[in-house]
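Participant: Starting from the structure of chain G, add chain L where the hints point.
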Amino acid sequence: MSFKPVILWTDALVYLLVAGLFVFAWYVWRNEHLLVPWRRVAHSASGMSALTVLVFFISVGMLDTMHFRPAIENGGGGMGETAYSVEVLSLLDLVAAPLRTRVEKTYSAPFAAHLYAKETVELPDGGQVREFPRLKYGGAHLQDPETERMADVIRRSAAGAAMGLVIWGFAIVSLGILLGRGDGKGWRCALSAVFCGSTAVPWRAICITLALMLLFSGAALALCGYYHIFGTDKVGQDVFYQSLKGVRTGLVIGTLTTLMMLPFALLLGITAGYFRGWADDIIQYLYTTLSSIPGVLLIAAAVLMMQVYMETHPELFDTIAARADLRLLFLCLILGVTSWTGLCRLLRGEALKLREMEYIQAAHAFGVSHWRIITRHILPNVMHIVLISTVMDFSGLVLAEAVLSYVGVGVDPSMISFGTMINAARLEMAREPMVWWALLAAFTFMFALVLSANLFADAVQSAFDPRIRILSIKTGALRRKKSGGEPARTYSETP
Amino acid sequence: MLNYIIRRLFYAIPILIGVNLITFTLFFVVNTPDDMARMQLGIKRVTPDAIIKWKQERGYDKPLLFNEGEQGLAQLTRTIFFEKSVAMFAFRFGRADDGRDIAYEIKSRMMPSLAIALPVFVLGLGVYVVFALTMVFFRATYVDFWGVVLCVALMSISSLFYIIAGQFLISKLWHLVPISGYGQHMDVAKFLVLPVIIGVASSAGANTRWYRTLFLEEMGKDYVRTARAKGLAESIVLFRHVLRNALIPILTGAVVVIPLLFLGSLIAESFFGIPGLGSYTIDAINSQDFAVVRAMVFLGSLLYIVGLILTDISYTLVDPRIRLE
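Chains G and L are the protein sequences, given in the same order.
The opening residue of the first sequence carries number 295 in this note's numbering; numbering runs sequentially from there.
The opening residue of the second sequence carries number 17 in this note's numbering; numbering runs sequentially from there.
Hints are computed from structural coordinates only; laboratory data are not their basis.
Treat the hints with care, since some could be wrong.
[Said to hold, decoys possible] In silico BS3-like links for lysine-lysine, alpha-carbon gap of 30 Å or less:
| # | chain 1 | residue 1 | chain 2 | residue 2 |
| --- | --- | --- | --- | --- |
| 1 | G | LYS412 | L | LYS188 |
| 2 | L | LYS188 | G | LYS647 |
| 3 | L | LYS188 | G | LYS399 |
| 4 | G | LYS479 | G | LYS399 |
| 5 | G | LYS528 | L | LYS188 |
Since we're looking at a predicted model, the values are computed, not measured.
Isolated chain G, as found in the complex (with noise of 0.2 Å):
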């Protein structure tokens, strides 16, 4: 099958996100004094197992963002030119093909065989009855629904949880066999070590969350070929798939947003901070006007004017998935900008407690240039501001698409996220029996993520800020627990 690659310009963000990140990381692996405050994060046993869940959001994410658009199979053949389907796929959508393409009538329940609501059926000697018909994929392979269905799942979830079991057996060896190769004291020897707990990485942890992992993504993947095991929503599309589809949208939210703003907080918090005068006077106003306008007012009307912008020159976008990819970029260009008054004010009051110490001063004297200054003695000294508050920030921002979504000014419509799917489900609230999977799949999907968001960038802050690392020492609190930093911004509250 023929294809012709796509690369939106989200992705485009994300893949530059992701080498940043690898440059990054080789960086830090050169030197030895970046890597320690890394060491911290790495023993602690909530943040590696929180990272551990997040990898797994992290691959679902990276396969949604390979976008192409498969050819369109045409009987003319050996025309030369292939056509392109307008659909813009993602290699997620190709291994979820099932998923996608086994679409109901409506709702449906989760592991149901019938649809949610009654339909005239006609019976073969022509007579017609009210009546739940049966799916046409969901449960599909059952003879007798009401017997056998019990059984069946139980079965197929016991077979998917024991295939996830061997994998995570061969994990764990392997894990074994490189960390016995390390101490030269042999395989048994080291995972006797992880599962007493005596290891300075907290491999237990990471071992017992993977397992979890494992467990139910096997039984969901053993069971999602033959069940809607979250359910179909209104148009009777899978919930489970949208989940999927939702985790990269959270993602790419929670990350670009940071990384869009990241440029311009650090140019003029620097600037203000080291140059005062009237830069400084300049920047304060910038950001302190911006600050003054409560945040979700300020998103709402831009992103109503961006709206009106959309509609009103629809020739710029040639996808469906192009219009909704480029909303998306710009909901977290205005997110970034909203969010970015708070990291340039810590960066400039960072600035200006940084350009009086004594080894800046001594480098002034020295008649070095204000830029080398900057590049080689205050950034490489704001950096763990950066980093945390980039952290911090990924939570607030995957719950704040929920509730922009919410309000109207969030995704596309047309783009699946959390926000979208509450909204929808919001609406059968009132049906009565409820309509209550999507909501549960959204929930449990978006607690998974923020929860391991949180507990992760926990472990990051307190490994890097040396308030909260002395506030521990000093209180002897339990040395793994983390107090928390200023509360996430909500942006319920404030309107």
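Facilitator: Just chain L now, kept in the frame of chain G:
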């Protein structure tokens, strides 16, 4: 003190002008009034006459910044910039798309918003401080540990789910209070219980954890060690010394949102059908009523600036070491 306040008020003016310029650019320069008219009337099959009529009804049929057709000062005042943006300083917000006066709507909708936001604010502050103090009192024990775990878990739940779950459990399943709506006089209370509880619960995680950090930070100070060295009981140290000092950042941090309480909360009000400013804004966003959104942006930033000034004043009130010059 009075001098300082007056000077702060003057500082606020350039910021408000900046906000005004930003909204003007967003609403009139990025998209011309013609674009907006076309959007509102439907993209295709729009006659030029319909656009002109739409603009005339809303007063958008003037030049943006400079009116050449007028004489003298009217060249500047008979423009969109003056009539739509500058007029907001005099609280002349104009009319919404349904023809009602926006300033009147804002005035009548402030009270329902406040009726929810104020109890949430006061109750929340008390509840979070009590929880945080409990955790600090039992610090380095399992109470503290599981408290933090619970806080992080609560933080990770979207505020939408708090509302949905609350409405489902309390109103639909147990039929304790009405699911949504708003009443007159004494009737109001039963409609307010649920939104207030959910409002307090939805930000409990983040705030409790933050207050706990503030308390812990205060616990490390020298005066606490002195108090303990004097032989004071731990509970007295905690409730008399630490609490009072840690309340300074908590209170001053809370003052800034007091004026914003008038705006209410966007999603809670629309979920519970409360006729406040939050639901007004949401309706305006959904029906693309630009005049209302513009007015709310201006009002929001005005209230925020008032909050900042109040914060500075409150510093001097609770912390005698700070003098405003």
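Participant: Now tell me, hint by hint, if it's right for this structure.
Facilitator: Comparing the hints with the structure gives:
1. G/LYS412 x L/LYS188: holds, 24 Å
2. L/LYS188 x G/LYS647: violated, 56 Å
3. L/LYS188 x G/LYS399: Holds, at roughly 28 Å.
4. G/LYS479 x G/LYS399: Violated, because 60 Å separates the two Cα atoms, which is more than 30 Å.
5. G/LYS528 x L/LYS188: holds, 22 Å
Going down the numbered hints, you'll see the structure goes against 2, 4, while the others check out.
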